[in-house]
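Novice: Chains as they are written, first to last, in my numbering: chain A, 354 to 602; chain U, -3 to 522.
If you are wondering where the hints come from, they were derived from the structure by calculation, not from laboratory data. Since the structure is predicted, the reported quantities are computational estimates derived from the model, not experimental observations. Ideal Cβ placement from N, Cα and C applies to all residues, glycine included. Hints are not guaranteed to be accurate.
With a cut-off of at most 20 Å between alpha-carbon atoms, the simulated SDA-like pairs for lysine to any residue come out as follows [unchecked claim]: (1) K424/A <-> L415/U; (2) K512/U <-> D447/A; (3) K538/A <-> L377/A; (4) K512/U <-> A482/A; (5) K512/U <-> E405/A; (6) K424/A <-> G183/U; (7) K424/A <-> R429/U; (8) K424/A <-> R427/U; (9) K512/U <-> L377/A; (10) K276/U <-> R135/U; (11) K424/A <-> T420/U; (12) K447/U <-> E503/U; (13) K358/A <-> E405/A; (14) K424/A <-> L430/U; (15) K424/A <-> P426/U; (16) K424/A <-> W431/U; (17) K512/U <-> A480/A; (18) K512/U <-> S486/A; (19) K276/U <-> I306/U; (20) K424/A <-> R135/U.
These stretches of chain U come out as covered by chain A in the derived footprint (C-beta under 8 Å, 3 or more residues) [unchecked claim]: (21) 320 to 328; (22) 429 to 441; (23) 512 to 519.
Take a look, some chain U residues computed to stay more than 10 Å from chain A by CB distance [unchecked claim]: (24) T218; (25) V339; (26) L377; (27) M485.
So the chains spell out like this:
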Amino acid sequence: MIELKKVSKSFGSTQVLQPTNLRLTPGETTVLIGPSGCGKSTILRLMIGLIEPDDGEVLFDGTPLTPANVKLIRREIGYVIQDGGLFPHLSAQDNVGLLARYLGWEKPRVVARVEEMADLTRLPREALARYPSQLSGGQRQRLGIMRALMLDPAVILLDEPMGALDPLVRFDLQEDLRKIFVSLKKTVCIVTHDMGEAGFFGDRVILLGSGRIVQQGKLDDLIRSPADDFVRRFINAQRLPTVETQGVL
Amino acid sequence: MNHASFAARLASRLACILLIATCARLAPSQETKPPRVRVGSKSYTESVILGEMLTLLASAAGARAEHRAELGGTQIAYSSLKKGEIDAYPEYTGTLTMEILGDQQVQTDEDIAAALARNGIKMSRRLGFNNSYALGMRRALADELKIAKISDLKQHPGSNARSGAARSRLKFGFSDEFMNREDGWPGLSVAYGLSDYARGLDHNLAYAGIRSGTIHVTDVYTTDPEIAAYEMKPLEDDLRYFPQYDCVLLYRADLDQRAPQVVANWLRLEGAIDEPTMIKLNARSRIDRVFEGRVAGEFLNGTLGMKVTIPPDDRWRRVLVNLAINTRQHLMLVCVSLLAAIVVAVPLGILAYRLPPARQLILGGVGILQTLPSMAVLMFLLPLLGLGAWPTIAALFLYSLLPIVRNTFAGLNEIPANLRESATVLGLGPRARLWLVELPMASRSILSGIKTAAVINVGTATIGGLIGAGGYGQPIITGTRLNDITIIMQGAIPAALMALAVQGLFELAERFVVPKGLRIAAGKST
Ligand SMILES: Nc1ncnc2c1ncn2[C@@H]1O[C@H](COP(=O)(O)OP(=O)(O)OP(=O)(O)O)[C@@H](O)[C@H]1O
Ligand SMILES: [Mg+2]
């Protein structure tokens, strides 16, 4: 699985990540939360080798990531970026099947697998022939997830996959994704700002603050015994909708 | 008709640089019976009529004769003769001394013959007419005022426009070219002491002015059919100011062995055509619209007492054949240069995108190439590549680089960072990313760069006409030189149509090259 060992990262003179140890538990979902700019995306990008650590090591199944092996390792990791990152020149199904086709899968096998993914994420099959610009934001997000799941990777990294979705779609997609993760026993790391989402997905929640891990554990633990004032403030900053019951009907 | 315009003089200078470097390639002499003889002519009536005569005379001598009519200007005709692509064509002594052998200081006929012999070319004696500049007036007016030679004009001072034209005074109106040439009116007026006001006007307007009487004296070519048509009288150049452009035949020396009968027949033209005769022949063709083959045949049968068969009228066929040849050559220039440019420029654009340190060098380099004037590029390339298609192709190639490199780079560079990352995290290597994601996404921009290059190429390829590359430039250059709009049109119109066709073709190609998803996305955003 993926493991960061004393990994630190600076951009120019600002240290974005202090030396950090972090290990994704196999078969479980790890949630990264924290204020904007605290280094969540940076951690995911380190895990998949988009950026290299200044210090420390990133290991995949015990092997350090190197420029030579990173390409093959990436194929065993599904990565979902915020807006889906779909290629506008390819149809939905070609976006999802791109890597499989490149790796030489037969066309019928690709089609079958893409349709399986569409059913799994509940994307209407007729949307598969369309181009990204002809799909809704939620559909594009599903496609991004389908593409990440296509080769059945053991590890899935998701960077705010529910951003910009309306609450209904988000609610359904959260439900679907969790079912997929649990039933397929995936090792998942998901970045979110949303405390509810964190609790819903997370076997383990890691709260980051300015480039370091502040507290980790079950969400309940964080809520019941916050490690410091920062954790308390971050948790309490979540606002639940207040419902005006009087006067309705 | 044989006076070099600016373009032609420039071209001749270019050619002179080269002719030294270009070695004469002797034609493979295929000794068969009957001998095969190819006659050439330049792209104007007089030359074509004489070419037809040579062809008919060669046929009459038993040769398989062929007329490569309207080859273009002096450069092309002479280099074709030197290379053995044609065996003979009519030329003028003035053109030989000033243009073709301009760098060899030849004066006498012996000098000319010696210089030509070094290239395996022989020259006949003069045919009898001089096609040079002259001043002309309406015959009736000249006779009335007793003007026979240019010096006589001094007795009849020209009008001064500013003080209002007195009735008895002569009005001088000259073609713009004649007004501007050093050896035109500026030199002539000094030589003869004619310090009069003269106005410049279009050559064709000058003849109309003569007819209506708004001008009285103009410049003419001594064998112009208009001299006959407008009942004009060329004034004698009594100070011998204008150079002589006596017509002679040039032919390849090996014909003396290969087809002595043909040469003997041709030499019957020596001294056989005087100016009034040539004027009449030109008038038959240009004014009566009789095709050149018939004009030539009737002359041979009438004046030389021969019995040649008048060939069928092939004027239109000739226009079409030339159009086809020019189109093929033009397409060749454009396609070869464009393909080479694509092969080089697309990788350069990719390199500029992938290799930031080289970016400035590549984009700056091709940018500088674009700013070089095309004539300078040609001048530079000529000594390296010789005369003909290659320097033109090389120049077009250089000009095509910028739009393609720039658009390739821009198309790749404007791919959003998250999509580039998205391809990387999928586990695609650099090469797969390029082919599967980056190039398809940049395809519209790359294609539009190629389209720009192609359309520019179609227009720019016409400079090839200056150095014998053929194509639509040839009629444009020839027509410009001869001040003949119909010849210019034969190049300008097809060139414009080809540019439009190329434009349309690329718009069509976009449907096949640019992925549908991009076209849909673009349609939505505009
Ligand atoms: N390529 C880069 N160059 C310089 N600074 C960077 C770069 N990438 C990220 N940073 C900085 O590193 C810090 C952490 O960025 P990161 O994207 O990891 O934040 P985040 O926790 O994902 O925030 P958000 O919740 O807003 O997405 C930020 O201050 C950001 O400005
Ligand atoms: Mg982020």
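Novice: List in ascending order the numbers of the hints, as given earlier, that are violated by the structure.
Specialist: 5, 6, 9, 20 and 21
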